[in-house]
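Asks: In case you want the letters, here they are:
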Amino acid sequence: MVSVEFLGPIQMEKKEFNVQSVRELKDELYKIPELEDWLESLAVAVNDKIITSLDTPLKDGDKVVLLPPVCGG
Amino acid sequence: MVSVEFLGPIQMEKKEFNVQSVRELKDELYKIPELEDWLESLAVAVNDKIITSLDTPLKDGDKVVLLPPVCGG
Amino acid sequence: MDNMILEIYKGGIPVIEVLDRWYNDLKLEGYGAMIPFIGIVRPDNGIEGLSFDLYLPLLSEWFKKWNALKEAKITMAHSFGDVMVGETSFLCAIWTKHRREGFKYLEEFVEDFKANAPIWKYDLKNGKRIFAGDRAKPLPEAGILG
Amino acid sequence: MDNMILEIYKGGIPVIEVLDRWYNDLKLEGYGAMIPFIGIVRPDNGIEGLSFDLYLPLLSEWFKKWNALKEAKITMAHSFGDVMVGETSFLCAIWTKHRREGFKYLEEFVEDFKANAPIWKYDLKNGKRIFAGDRAKPLPEAGILG
Numbered sequence: 002m003v004s005v006e007f008l009g010p011i012q013m014e015k016k017e018f019n020v021q022s023v024r025e026l027k028d029e030l031y032k033i034p035e036l037e038d039w040l041e042s043l044a045v046a047v048n049d050k051i052i053t054s055l056d057t058p059l060k061d062g063d064k065v066v067l068l069p070p071v072c073g074g
Numbered sequence: 002m003v004s005v006e007f008l009g010p011i012q013m014e015k016k017e018f019n020v021q022s023v024r025e026l027k028d029e030l031y032k033i034p035e036l037e038d039w040l041e042s043l044a045v046a047v048n049d050k051i052i053t054s055l056d057t058p059l060k061d062g063d064k065v066v067l068l069p070p071v072c073g074g
Numbered sequence: 053m054d055n056m057i058l059e060i061y062k063g064g065i066p067v068i069e070v071l072d073r074w075y076n077d078l079k080l081e082g083y084g085a086m087i088p089f090i091g092i093v094r095p096d097n098g099i100e101g102l103s104f105d106l107y108l109p110l111l112s113e114w115f116k117k118w119n120a121l122k123e124a125k126i127t128m129a130h131s132f133g134d135v136m137v138g139e140t141s142f143l144c145a146i147w148t149k150h151r152r153e154g155f156k157y158l159e160e161f162v163e164d165f166k167a168n169a170p171i172w173k174y175d176l177k178n179g180k181r182i183f184a185g186d187r188a189k190p191l192p193e194a195g196i197l198g
Numbered sequence: 053m054d055n056m057i058l059e060i061y062k063g064g065i066p067v068i069e070v071l072d073r074w075y076n077d078l079k080l081e082g083y084g085a086m087i088p089f090i091g092i093v094r095p096d097n098g099i100e101g102l103s104f105d106l107y108l109p110l111l112s113e114w115f116k117k118w119n120a121l122k123e124a125k126i127t128m129a130h131s132f133g134d135v136m137v138g139e140t141s142f143l144c145a146i147w148t149k150h151r152r153e154g155f156k157y158l159e160e161f162v163e164d165f166k167a168n169a170p171i172w173k174y175d176l177k178n179g180k181r182i183f184a185g186d187r188a189k190p191l192p193e194a195g196i197l198g
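Protein chains in written order, with our numbering: chain S, 2 to 74; chain Y, 2 to 74; chain R, 53 to 198; chain E, 53 to 198.
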């Protein structure tokens, strides 16, 4: 299982998914109505490295975080 | 008489000159050997306003200051 | 002072206390210019304050490259939680030998911070915590799920 | 705080004390960014310190135009006399609503200060006070006696 954490303003508890790649995770995330408005503006980090390819493989125990638009300072 | 003050690193006491313009003052200053190395790098202020013309008139009681190259901070 | 200088505070940053410590720690290290940036919460749109979430693992990771500069030292502090009007939520300082590198790094660092630091801002208004989505921008790597 | 904020100190500036006062006086005035610049005496060429002369009537006159800005507030302090290595001889702070004006004014102000403020610098070396002529530049209006 892969744990997925929703950061900042996304009001959703951490979830676990049984997926082998970020592409598979994407398909799962599209099934969650509350995420609909967020998905296209999210960045994705796997084990605390931001990734840029949907083909990034995921394995059991990986930790994914989803990062909505930022504004520090 | 016009008082002339030499600022910063110019090691010279304030002096008085009997002159009617900055041009006349310039001629007097050229007679002072210790000023030779400074003159071309000086700015001139009359009554605490920097002036840019040799034709600036001077009258009794005017206060001239001569400003060598600067470096604050 | 070889270690990373990234400090995180709950609530407003004690600006003067932090600057005092940074200044005294580094003033004899041969830097000729120290340029702090102090981000103060403004009383805009009738807010009582701002509030912040941050994700420390990626914030530290982001900061590492700035910590590795050879010709400059950068120290930084940021708040999480509530920061009221007039308080400071972001503080950094750029240390360089000469002023012009300092100006350059200050601007580069703060703009990079604004674009890339994993921090989320909320307005505190009428007792509510409202995501400041109008001021937020997707990270440069965002969009692969779109 | 409508008055001119130009402070002159004999010897090194008490940086933290001055920043503390400026920060607390202005933090509720609606400025979102405070950007100080702190000029620290570096241990270059084996100097023990620097020393400064300044001509206050023209320094105040020069500062007036910066004090008259509408969208920014600038506060400044400078030393005269001896300032030892590690001490600060020049301190200013730019206050603006947004950071980008702050970056702009900081650079413009400090460069204008360097070119136009009537201040003379000396190295303190082996107990002597030596004019730093290599770092000095004629004022823009200089040369009419040449």
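No lab work stands behind these hints, which were simulated from the structure alone. For each residue, glycine too, the CB sits at the ideal point set by N, CA and C. Careful, some of the hints might be misleading.
[What the hints assert, rightly or not] Example chain Y residues on the side facing chain E (calculated, C-beta under 7 Å, incomplete):
| # | residue |
| --- | --- |
| 1 | P10 |
| 2 | I11 |
| 3 | E14 |
| 4 | F18 |
| 5 | L43 |
| 6 | V47 |
| 7 | P58 |
| 8 | P70 |
| 9 | V71 |
| 10 | G73 |
[As the list claims (entries may be wrong)] Derived lysine-lysine pairs resembling DSBU-like cross-links, with alpha carbons at most 35 Å apart:
| # | chain 1 | residue 1 | chain 2 | residue 2 |
| --- | --- | --- | --- | --- |
| 11 | E | K156 | E | K180 |
| 12 | Y | K16 | E | K62 |
| 13 | E | K116 | R | K122 |
| 14 | E | K117 | R | K180 |
| 15 | S | K15 | R | K189 |
| 16 | E | K149 | E | K180 |
| 17 | R | K116 | E | K62 |
| 18 | R | K177 | E | K117 |
| 19 | E | K116 | Y | K16 |
| 20 | R | K180 | E | K149 |
| 21 | R | K156 | S | K16 |
| 22 | E | K149 | Y | K15 |
| 23 | E | K122 | R | K156 |
| 24 | E | K189 | Y | K64 |
| 25 | S | K64 | R | K122 |
| 26 | E | K149 | Y | K16 |
| 27 | S | K60 | R | K156 |
| 28 | E | K149 | R | K149 |
| 29 | Y | K15 | E | K122 |
| 30 | Y | K60 | E | K117 |
| 31 | R | K149 | E | K180 |
| 32 | Y | K32 | E | K122 |
[Stated by the list, open to error] Going by beta-carbon spacing under 10 Å, a handful of chain R positions derived as facing chain S:
| # | residue |
| --- | --- |
| 33 | G91 |
| 34 | N97 |
| 35 | F104 |
| 36 | N119 |
| 37 | K122 |
| 38 | Y157 |
| 39 | G179 |
| 40 | P192 |
Asks: Could you run down the list of hints and mark each one as holding or not?
Replies: Here is how each hint holds up against the structure:
{"no.": "1", "hint": "P10", "result": "holds (4 Å)"}
{"no.": "2", "hint": "I11", "result": "violated (9 Å)"}
{"no.": "3", "hint": "E14", "result": "violated (15 Å)"}
{"no.": "4", "hint": "F18", "result": "violated (13 Å)"}
{"no.": "5", "hint": "L43", "result": "holds (5 Å)"}
{"no.": "6", "hint": "V47", "result": "violated (11 Å)"}
{"no.": "7", "hint": "P58", "result": "violated (14 Å)"}
{"no.": "8", "hint": "P70", "result": "holds (4 Å)"}
{"no.": "9", "hint": "V71", "result": "holds (6 Å)"}
{"no.": "10", "hint": "G73", "result": "holds (3 Å)"}
{"no.": "11", "hint": "E:K156 <-> E:K180", "result": "violated (38 Å)"}
{"no.": "12", "hint": "Y:K16 <-> E:K62", "result": "holds (27 Å)"}
{"no.": "13", "hint": "E:K116 <-> R:K122", "result": "violated (38 Å)"}
{"no.": "14", "hint": "E:K117 <-> R:K180", "result": "violated (43 Å)"}
{"no.": "15", "hint": "S:K15 <-> R:K189", "result": "holds (23 Å)"}
{"no.": "16", "hint": "E:K149 <-> E:K180", "result": "violated (45 Å)"}
{"no.": "17", "hint": "R:K116 <-> E:K62", "result": "violated (40 Å)"}
{"no.": "18", "hint": "R:K177 <-> E:K117", "result": "violated (38 Å)"}
{"no.": "19", "hint": "E:K116 <-> Y:K16", "result": "holds (29 Å)"}
{"no.": "20", "hint": "R:K180 <-> E:K149", "result": "holds (24 Å)"}
{"no.": "21", "hint": "R:K156 <-> S:K16", "result": "violated (43 Å)"}
{"no.": "22", "hint": "E:K149 <-> Y:K15", "result": "violated (46 Å)"}
{"no.": "23", "hint": "E:K122 <-> R:K156", "result": "holds (25 Å)"}
{"no.": "24", "hint": "E:K189 <-> Y:K64", "result": "holds (24 Å)"}
{"no.": "25", "hint": "S:K64 <-> R:K122", "result": "holds (33 Å)"}
{"no.": "26", "hint": "E:K149 <-> Y:K16", "result": "violated (49 Å)"}
{"no.": "27", "hint": "S:K60 <-> R:K156", "result": "violated (42 Å)"}
{"no.": "28", "hint": "E:K149 <-> R:K149", "result": "holds (28 Å)"}
{"no.": "29", "hint": "Y:K15 <-> E:K122", "result": "violated (40 Å)"}
{"no.": "30", "hint": "Y:K60 <-> E:K117", "result": "holds (28 Å)"}
{"no.": "31", "hint": "R:K149 <-> E:K180", "result": "holds (24 Å)"}
{"no.": "32", "hint": "Y:K32 <-> E:K122", "result": "violated (48 Å)"}
{"no.": "33", "hint": "G91", "result": "holds (5 Å)"}
{"no.": "34", "hint": "N97", "result": "violated (15 Å)"}
{"no.": "35", "hint": "F104", "result": "holds (7 Å)"}
{"no.": "36", "hint": "N119", "result": "violated (17 Å)"}
{"no.": "37", "hint": "K122", "result": "violated (25 Å)"}
{"no.": "38", "hint": "Y157", "result": "violated (16 Å)"}
{"no.": "39", "hint": "G179", "result": "violated (18 Å)"}
{"no.": "40", "hint": "P192", "result": "holds (8 Å)"}
Consistency note: the structure conflicts with the earlier hints numbered 2, 3, 4, 6, 7, 11, 13, 14, 16, 17, 18, 21, 22, 26, 27, 29, 32, 34, 36, 37, 38 and 39.
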